[in-house]
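Asker: Just so you know, the protein sequences line up as chains A and B, in that order. Every letter in the first sequence is one number past the one before it in our numbering, and letter 26, counting from 1, is 26. Every letter in the second sequence is one number past the one before it in our numbering, and letter 48, counting from 1, is 48.
Derived from the structure by calculation, the hints contain no laboratory data. One or more of the hints may lead you astray.
Unchecked claim - Listed next, the in silico DSBU-like pairs over lysine-lysine satisfying Cα-Cα at most 35 Å (straight line):
id, chain 1, residue 1, chain 2, residue 2
1, A, Lys-57, A, Lys-102
2, A, Lys-102, B, Lys-57
3, A, Lys-102, B, Lys-17
4, B, Lys-57, A, Lys-68
5, A, Lys-81, A, Lys-57
6, A, Lys-68, A, Lys-102
7, B, Lys-15, B, Lys-57
8, A, Lys-102, A, Lys-81
9, B, Lys-17, B, Lys-57
10, B, Lys-15, A, Lys-102
11, A, Lys-57, A, Lys-76
12, A, Lys-76, A, Lys-102
13, B, Lys-11, A, Lys-81
14, A, Lys-68, A, Lys-57
15, A, Lys-81, A, Lys-68
16, B, Lys-57, B, Lys-11
17, A, Lys-102, B, Lys-11
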Amino acid sequence: GQNIDQPTEMTATEGAIVQINCTYQTSGFNGLFWYQQHAGEAPTFLSYNVLDGLEEKGRFSSFLSRSKGYSYLLLKELQMKDSASYLCAAINQAGTALIFGKGTTLSVSS
Amino acid sequence: GAGVSQSPSNKVTEKGKDVELRCDPISGHTALYWYRQSLGQGLEFLIYFQGNSAPDKSGLPSDRFSAERTGGSVSTLTIQRTQQEDSAVYLCASSRAGGRYEQYFGPGTRLTVT
Numbered sequence: 001g002q003n004i005d006q007p008t009e010m011t012a013t014e015g016a017i018v019q020i021n022c023t024y025q026t027s028g029f030n031g032l033f034w035y036q037q038h039a040g041e042a043p044t045f046l047s048y049n050v051l052d053g054l055e056e057k058g059r060f061s062s063f064l065s066r067s068k069g070y071s072y073l074l075l076k077e078l079q080m081k082d083s084a085s086y087l088c089a090a091i092n093q094a095g096t097a098l099i100f101g102k103g104t105t106l107s108v109s110s
Numbered sequence: 001g002a003g004v005s006q007s008p009s010n011k012v013t014e015k016g017k018d019v020e021l022r023c024d025p026i027s028g029h030t031a032l033y034w035y036r037q038s039l040g041q042g043l044e045f046l047i048y049f050q051g052n053s054a055p056d057k058s059g060l061p062s063d064r065f066s067a068e069r070t071g072g073s074v075s076t077l078t079i080q081r082t083q084q085e086d087s088a089v090y091l092c093a094s095s096r097a098g099g100r101y102e103q104y105f106g107p108g109t110r111l112t113v114t
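Taking the hints into account, I'd like the entire structure generated from these sequences.
Answerer: In structure tokens form, the structure reads like this:
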């Protein structure tokens, strides 16, 4: 089976750095995604990792360690608009769909 | 098209009625997915279509749920004899192909079963 774990909530202040962790247990591994979902809106793609290491994309970076079944999303220079739910997802064994964690709700305050 | 579209945006129905939810994927995307998101839960995979291949229906929670995709484009998710536990936001997504490709989500249909 597959299981994705991530913290339920996190808080941070504007300008800070926050790291959202995700651990996964999957039957086979085909890649890991991070999506952002603002309240009442559809998820939007942030990153995809299939090899170990750090992928940097502007203020957002994502890290993967396949041997540890671990990923994190790093958000730098936080802004109020970064308040959202961050979803960690792994591709299922069949390679046909994403298995999502329950999401981490990040609240950024001034 | 500009993005994935879904209709209706909201649907309130009585327990026991059938409902149909529609998804228009991005033009040219061969893969189409249905998910549902219940309050406090993560997105739950329902069904996957890829081109002319047989769909992956492994996520459908019961035989009351079915979906079809006509002409490799528009998809309809049908829920028969709706139950209160079917209340959720139903999200459709499409991608260039299956697997590792980025999925683009529609705005969802909020279904409320009374």
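Asker: It remains to establish, for every hint, whether it holds in the given structure.
Answerer: Structure-based check of each hint:
Of the supplied pair hints, the one linking A:Lys-57 and A:Lys-102 holds, its CA atoms being roughly 24 Å apart against a limit of 35 Å. Between the alpha carbons of A:Lys-102 and B:Lys-57 the distance comes to roughly 22 Å, so the proposed pair stays at or under 35 Å and holds. Pair hint A:Lys-102 plus B:Lys-17 holds up; C-alpha atoms about 29 Å apart against a cutoff of 35 Å. With a C-alpha separation of about 30 Å, the suggested pair B:Lys-57 and A:Lys-68 falls inside the 35 Å cut-off, and the hint holds.
For the hint linking A:Lys-81 to A:Lys-57, the alpha-carbon distance of about 17 Å falls within 35 Å, and the restraint holds. With a C-alpha separation of about 20 Å, the suggested pair A:Lys-68 and A:Lys-102 falls inside the 35 Å cut-off, and the hint holds. Between B:Lys-15 and B:Lys-57, the direct Cα distance comes to roughly 24 Å. Compliance with the 35 Å bound is thereby established for this hinted pair. For the hint pairing A:Lys-102 with A:Lys-81, the CA-to-CA distance comes to about 21 Å; that is within 35 Å, so the pair holds.
For the proposed pair B:Lys-17 and B:Lys-57, the alpha carbon gap of about 22 Å is at most 35 Å, so the pair holds. A hinted pair counts as satisfied when its Cα atoms are at most 35 Å apart, and B:Lys-15 with A:Lys-102 qualifies at roughly 27 Å. Under the criterion of a C-alpha separation no larger than 35 Å, the hint pairing A:Lys-57 with A:Lys-76 is consistent with the structure, at around 11 Å. A hinted pair counts as satisfied when its Cα atoms are at most 35 Å apart, and A:Lys-76 with A:Lys-102 qualifies at roughly 23 Å.
Simply put, B:Lys-11 and A:Lys-81 have alpha-carbon atoms about 29 Å apart, close enough for the 35 Å limit, and the pair holds. Note on A:Lys-68 and A:Lys-57: the hinted pairing holds, with a Cα-Cα distance of about 23 Å set against a maximum of 35 Å. With a C-alpha separation of about 31 Å, the suggested pair A:Lys-81 and A:Lys-68 falls inside the 35 Å cut-off, and the hint holds. Taking the CA atoms of B:Lys-57 and B:Lys-11, the gap is about 23 Å. The hint holds against a cut of 35 Å.
Annotation: proposed proximity of A:Lys-102 to B:Lys-11 holds, straight-line Cα distance about 24 Å (limit 35 Å).
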